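Top line first, the protein sequences correspond to chains Y and P.
Residue numbering for the first sequence is 1 to 217, as defined by my numbering.
Residue numbering for the second sequence is 1 to 217, as defined by my numbering.
One or more hints might be untrue.
Intra- or inter-copy, both count: the list cannot distinguish identical chains.
What the hints assert, rightly or not - Using 25 Å as the maximum straight-line C-alpha spacing, the simulated PhoX-like pairs for lysine-lysine come out as follows:
1. Lys31 with Lys209
2. Lys207 with Lys156
3. Lys215 with Lys156
4. Lys40 with Lys107
5. Lys215 with Lys111
6. Lys77 with Lys215
7. Lys40 with Lys86
8. Lys77 with Lys183
9. Lys207 with Lys183
10. Lys86 with Lys209
11. Lys126 with Lys40
12. Lys209 with Lys126
13. Lys215 with Lys31
14. Lys17 with Lys73
15. Lys209 with Lys156
16. Lys17 with Lys143
17. Lys126 with Lys215
18. Lys143 with Lys31
19. Lys216 with Lys107
20. Lys40 with Lys215
21. Lys207 with Lys40
22. Lys17 with Lys216
Hints in this document: simulated from the structure, not taken from any laboratory.
Keep in mind that this is a model prediction, so the values were computed, not measured.
Each chain, letter by letter, is given below.
2 protein chains.
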Amino acid sequence: MERFSNISMAVVRRLPKYYRYLEELLRNDIKRVSSQELSKITGFTASQIRQDLNCFGGFGQQGYGYNAEELHKEIGKILGLDKQYKTVIIGAGNIGHAIANYSSFEKSGFKTMGIFDVDPDIIGEKINNITVRHSSEAEQFIKENDITIGILCTPKPKSQEAAECLINGGVKAIWNFAPVDLKVPDNIIVENVNLSESLFTVSYLLKEKEEANAKKR
Amino acid sequence: MERFSNISMAVVRRLPKYYRYLEELLRNDIKRVSSQELSKITGFTASQIRQDLNCFGGFGQQGYGYNAEELHKEIGKILGLDKQYKTVIIGAGNIGHAIANYSSFEKSGFKTMGIFDVDPDIIGEKINNITVRHSSEAEQFIKENDITIGILCTPKPKSQEAAECLINGGVKAIWNFAPVDLKVPDNIIVENVNLSESLFTVSYLLKEKEEANAKKR
């Protein structure tokens, strides 16, 4: 995946967290926050927070801290959340259903326009007011509706083929839930959500703890 | 979250990837692999791979590389995948359904024993042969069935309460799909899957690319 700035992915991945924490503060009517306070909430060090935000020009004021509302808005802009993105979902199984029904995504500017599957039992079904169509229609649909993001929820063996259909249609990014490393051109953004990897991390940490406890005995 | 070894979370999070890539190699009947070849497949540098595997004693042999089957087995053991874990799912919405139906988790040793919800329309329903029960029964069920992992798929406002019920029941780890930072005792392992954060990363990368393209024009 080609990158267009020097900002590291580690910083990029912290931004949604800042955004979420600031939302939380605003909900609790907190208007001003220092990097020390942000550190307490987020678990990142105050200097890391200042460094991260400095990547984007810095928003704090010495002795005042950050205006929570302003910072929230600015990070939202940096994240591109002031824009609208049209998406399609390929694969209307459980994960596809879950994503289609996640109301918070639409509030953040991600609008599901189409859902596609190959299973005749699912085609024609309505999910969140969208009728599931046959996957063979996806490419044309993406072209006609100017879709930016393809959400890939197909089973593993179908996922490379489905990714190619998304790319041929013209999506710029793939949000991939299939446990596969997709082969895509360099100009296509791919973000993987690999649930097994996450669950295996749980298993590792459990085992590590068990071993440490066994040693103590 | 308390840790019991000096191995960094960054290394821990790479282990499931190695495991998956080695599985792929074995499926293609490849028996021997060098760190250079692993580097090509994984995208990590060869020296990083050697360093990572050295954390656990190192398995390669100078001039031979790694025995793929042995390495796969050893990493599986390090990840604790040679063990069985009993799990419960709290929240039988779309994500809960998806997790319950993921057959690959059971193959890896994670067995869903119970599913709980508060919605009378869902209670009594069978998901993957497990009858959904009322969430008020979860704590007792966890105690009686020696459950290790609680999978939290509740809506945001219910999630802290549900986490406490899991902890009171005696789980050692929570796999959390609710977009909330749970407050838990230090001895409880928490692994968060935050889908919004992942989607916002897509949005950031799209915006970064757009801005770079605009500058070129």
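Item to complete: Compare the structure with the hints numbered earlier in the document and write down the numbers of the violated ones, lowest to highest.
Response: 1, 2, 3, 4, 5, 7, 8, 11, 12, 13, 15, 16, 17, 18, 19, 20, 21, 22
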